[in-house]
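Novice: All chains, please: the whole structure from these sequences, using the hints.
Chains as they are written, first to last, in the working numbering: chain A, 1 to 462; chain B, 463 to 924.
Because the hints were derived from the structure by calculation, they are not lab data.
Since the structure is predicted, the reported quantities are computational estimates derived from the model, not experimental observations.
Cβ coordinates follow ideal geometry from the N, Cα and C atoms, glycine included.
Where hints are given, some of them may not hold.
What the hints assert, rightly or not - Cut-off 35 Å, straight-line C-alpha distance, at most; resulting in silico cross-link-like pairs (DSBU-like, lysine-lysine):
#1 B:K573 x A:K411
#2 B:K644 x A:K459
#3 B:K741 x B:K557
#4 B:K872 x A:K196
#5 A:K66 x A:K13
Unchecked claim - Here are some, though not all, of the chain A residues that point toward chain B, as calculated from beta-carbon distances under 7 Å:
#6 W26
#7 V71
#8 P126
#9 H146
#10 V155
#11 V157
#12 F174
#13 T178
#14 A219
#15 P228
#16 Y422
Number of protein chains: 2
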Amino acid sequence: MKRTKIKELFDAKEQYSEKEVTICGWVRNNRSQAQFGFINVNDGSYFESLQVVYDLNLKNFEEVSKFRVGVSLLVTGVIKLTPEMKQPLELHATKVEMLGDCPEEYPIQPKRHTREFLREVAHLRPRTNLFSAVFKIRSVAAYAIHTYFQSHGYVYVHTPLITCADCEGSDQMFKITTLNMKNLPLTKEKEVDFSKDLFGKQAYITGSGQLHGETFAMAFGDIYTFGPTFRTENSNTKTHANEFWMIEPEMAFCDLEGLMDIEEEMLKFVVKYVLDNCKKEIEFCDKFVENGLLDKLTKLTTSNFVRISHEECIEILKKANVKWEVQPEFGEDIAKEHEKYITEYFNGPVFIKDWPKDIKAYYMKLNPDNKTVAAVDLEVPLAGELMGGSQREENLDLLLKRMEELNIDKKEIEWYLDTRRYGGCVHSGFGLGFERLIMYITGVENIRDVIPFPRTPKKCDF
Amino acid sequence: MKRTKIKELFDAKEQYSEKEVTICGWVRNNRSQAQFGFINVNDGSYFESLQVVYDLNLKNFEEVSKFRVGVSLLVTGVIKLTPEMKQPLELHATKVEMLGDCPEEYPIQPKRHTREFLREVAHLRPRTNLFSAVFKIRSVAAYAIHTYFQSHGYVYVHTPLITCADCEGSDQMFKITTLNMKNLPLTKEKEVDFSKDLFGKQAYITGSGQLHGETFAMAFGDIYTFGPTFRTENSNTKTHANEFWMIEPEMAFCDLEGLMDIEEEMLKFVVKYVLDNCKKEIEFCDKFVENGLLDKLTKLTTSNFVRISHEECIEILKKANVKWEVQPEFGEDIAKEHEKYITEYFNGPVFIKDWPKDIKAYYMKLNPDNKTVAAVDLEVPLAGELMGGSQREENLDLLLKRMEELNIDKKEIEWYLDTRRYGGCVHSGFGLGFERLIMYITGVENIRDVIPFPRTPKKCDF
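Specialist: Shown next as structure tokens:
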């Protein structure tokens with residue numbers, strides 16, 4: 001038995017017209033009447049379901065007419081094109097066979113479920129239209145990212161997640177152990193004796209692959225990471241999760257302007273790739289999730305991203321005829337309301353660069369003004385900050401000075417400092433939170449709804 | 463200043479002949495004489511270095527002739543084709559500028575370093591030929607895997623790494639916590655009070671995404687995972703690491719034969735993709751790592767993979783005129799020496815299927831003989847087991863019976879059992895250890911040499 005995927009039938013419908021095919025899938029809906037009935041079958045290969053038409057010619061008509069939502073089945077029949085109908089084709093069944101039954105109490109019924117409810121059945125929610133769209137887009141966007149970087153010669157680096165260096169600040173990292181936590185071995189000084197742990201010292205799972213990525217950029221020129229990341233933040237908001245995915249590209253011989261060029265080109269490529277390859281899914285999100293989504297995304301792929309300095313940004317904000325909750329200030333970070341205003345002001349994506357050094361990380365390149373660093377955030381309409389990056393401080397002395405000022409222990413990252421000792425060069429990189437990108441592309445507002453099985457404080461089900 | 467990547471120069475050399483270009487990169491070698499000199503410059507975009515020719519016309523000739531290995535530099539000059547030489551082109555420098563110096567004690571000198579030494583400088587080893595080849599192949603192979611699955615309509619699923627279900631056996635998983643390990647909160651019963659931990663219960667990082675993957679296969683039909691995986695195994699061998707990457711595809715409406723078709727097609731695709739896109743790197747590995755590698759890989763892409771049962775395999779082993787260290791037995795696992803023999807016997811890859819149920823996992827489909835399960839391992843010449851998969855037990859009662867026999871707590875995975883309750887169907891999946899694949903493709907024998915920053919017992923540097 002050769003089964004044909006439903007996507008194939010939609011994609012090459014003329015070819016299948018009047019042909020016999022066999023499909024497998026799940027019942028999304030079954031509307032039966034006395035003499036005939038319709039089953040919408042979805043096999044996951046295509047966003048839309050295939051309409052199966054059956055009638056009394058089926059020897060198990062009675063049985064089939066009672067097939068419940070969720071049943072898995074096999075259907076053999078003949079494809080009929082129906083250009084006059086809403087759906088372009090139908091399958092006229094000659095055989096319908098149940099593969100797996102589904103009870104009446106099946107939670108995913110063809111009605112509107114709240115997203116909160118669906119989070120409680122995260123293992124079943126990809127069977128709904130919304131999550132079918134979201135997780136398909138997530139998959140296609142991930143591939144688009146790989147395709148962009150690989151086609152530009154970047155090397156994909158799997159940086160380690162387990163680390164023993166706590167330079168990120170160990171409060172923000174999960175501690176990992178193989179020790180028996182009920183009975184931890186102690187040293188003479190009554191400290192936990194991590195020499196007995198698997199790695200012989202305290203270990204963590206990390207929140208960034210940037211430093212490791214930089215070492216590979218000093219060999220391959222252009223590299224990127226794409227992997228899971230962990231934060232211990234005890235924060236229950238729509239945009240925080242304790243496990244999420246990040247992309248961290250790092251480019252040698254690339255300055256801040258070059259960095260912005262790459263960020264802009266990459267984002268446009270990814271959005272265009274999703275628009276081209278997830279038409280039905282984006283249509284659905286445009287209709288049911290964010291009105292104007294398709295328009296927003298299409299515009300992004302052709303717009304020019306404005307580039308302004310942090311100082312210019314603050315000037316614009318100060319001149320604005322707006323009553324701010326947080327007053328914009330030179331030398332300070334900007335708030336959500338400011339991000340929103342500035343993208344509306346320019347009616348498109350805005351790069352804000354040259355940030356006050358005191359609110360940015362130690363590894364960012366100090367500008368000649370000695371007050372700002374060559375860092376850049378990309379703000380996009382309706383979503384705010386999407387990417388953050390910087391030119392890296394390639395001058396070892398300046399880097400060490402900055403680390404000292406910020407009390408960063410250099411002992412743990414001598415290997416990282418080698419990137420500045422052995423043939424260092426101007427280089428830059430950025431970080432893109434993958435979930436934030438998916439929220440932007442789908443219009444979905446809660447990070448819990450773009451992660452297959454989200455992990456948030458007090459929530460680690462499944 | 464527009465810099466051209468060295469790969470571009472090699473790829474389109476005719477186009478660049480006699481043109482002026484600027485490159486950036488690192489000195490791999492500098493051989494200077496009284497009147498002229500040669501620098502091999504590598505920028506990471508291409509496996510081979512570009513030969514830069516310089517002479518007394520450079521105003522800083524003296525300085526350039528002393529540039530040490532590892533220095534980063536910028537060179538402007540004219541491309542000359544040199545078809546009669548070993549290298550097809552040269553850059554005749556008109557300007558050579560140091561970007562970043564490199565001291566004499568730079569560990570990566572143009573000589574043979576042991577792999578053991580290079581592991582101690584894992585952050586610098588991608589600057590050597592061997593690791594440049596290995597990590598480029600790793601990157602390209604990862605992309606080939608994504609390309610295979612995406613072009614066949616699979617959905618890439620990011621299954622969670624943090625889990626609170628210890629059904630895998632919590633000894634094999636790292637425990638994670640945000641609690642202060644020096645001062646763990648205790649319950650009245652003197653147990654660790656995990657209700658105070660971030661997730662409100664004991665959490666782990668997981669070793670497999672299969673169960674979560676199955677739930678998505680029941681919606682999307684075909685899915686795959688590709689992410690890091692963790693094992694606490696305290697084992698110091700050439701094939702064990704505590705952090706590695708896995709690919710776990712899962713297909714609905716797919717039986718064991720269909721599974722083997724997919725495994726075979728995928729592996730051939732990935733190997734062919736690497737052969738096509740990493741010619742220089744494979745050439746290098748063929749010459750310096752595994753003699754006959756290119757031949758082995760080329761043969762694989764055109765060979766037919768034999769399919770035999772475990773029973774047939776044991777029969778062949780028993781008949782063999784070999785003095786085994788471990789006697790082959792029906793009902794038992796097979797040893798490394800058996801794997802080796804069987805691939806030599808068939809002179810190619812071999813699928814061994816229908817394994818004794820007692821040595822396989824609970825979720826594997828019980829065969830009608832009640833003694834074996836529909837599991838399959840793929841054995842390949844010189845590397846042994848490369849993939850392991852099975853048809854899954856879709857019958858809920860049989861699955862529950864097997865879980866009971868093996869003492870697996872069903873409470874933690876009720877959600878997983880729903881895949882059998884709500885429209886279950888025949889489905890199959892496999893796991894591919896990514897490092898094992900890279901070892902097979904490169905010929906490198908130690909897993910520590912195919913992971914950028916390997917994590918093994920007592921070793922968690924960088």
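Novice: Hints first: check each against the structure and report whether it holds.
Specialist: Here's how the hints hold up against the structure:
Between K573 of chain B and K411 of chain A the alpha-carbon distance is near 29 Å, which keeps this suggested pair within the 35 Å criterion. A distance of roughly 25 Å separates the Cα atoms of K644 of chain B and K459 of chain A; the hinted pair therefore holds under the 35 Å criterion. Distance check on the hinted pair: K741 of chain B and K557 of chain B sit about 32 Å apart at the alpha-carbon level, within 35 Å; holds. Proposed proximity of K872 of chain B and K196 of chain A is supported: the alpha carbons are some 33 Å apart, at most 35 Å.
At most 35 Å may separate the alpha-carbon atoms for a hinted pair to count; K66 of chain A and K13 of chain A meet this at roughly 29 Å. The beta carbon of W26 of chain A comes within 5 Å of a beta carbon in chain B, closer than 7 Å, and the hint placing it at the interface holds. For V71 of chain A, the interface hint holds, the least distance from its beta-carbon to any beta-carbon of chain B being 5 Å, beneath 7 Å. The beta carbon of P126 of chain A is positioned within 7 Å of a beta carbon in chain B (closest approach about 4 Å), and the interface hint is therefore held.
With its C-beta approaching chain B no nearer than about 5 Å, H146 of chain A sits inside the 7 Å limit, and its interface hint holds. Because the closest C-beta pair between V155 of chain A and chain B is about 4 Å apart, less than 7 Å, the hint holds. A distance limit of 7 Å between C-beta atoms decides the matter here; for V157 of chain A the minimum to chain B is near 6 Å, and the interface restraint holds. Interface hint status for F174 of chain A: upheld, as the beta-carbon distance to the closest one in chain B is roughly 4 Å, under 7 Å.
Taking 7 Å as the C-beta contact cut-off toward chain B, the hint placing T178 of chain A at the interface holds, the least distance being around 5 Å. Interface restraint check for A219 of chain A: the shortest CB-CB distance to chain B comes to about 4 Å, inside 7 Å, so the restraint holds. Residue-level restraint check for P228 of chain A holds (minimum Cβ-Cβ distance to chain B is 6 Å; threshold 7 Å). The criterion of a C-beta within 7 Å of any C-beta in chain B is met by Y422 of chain A, whose closest approach is roughly 5 Å, and the hint holds.
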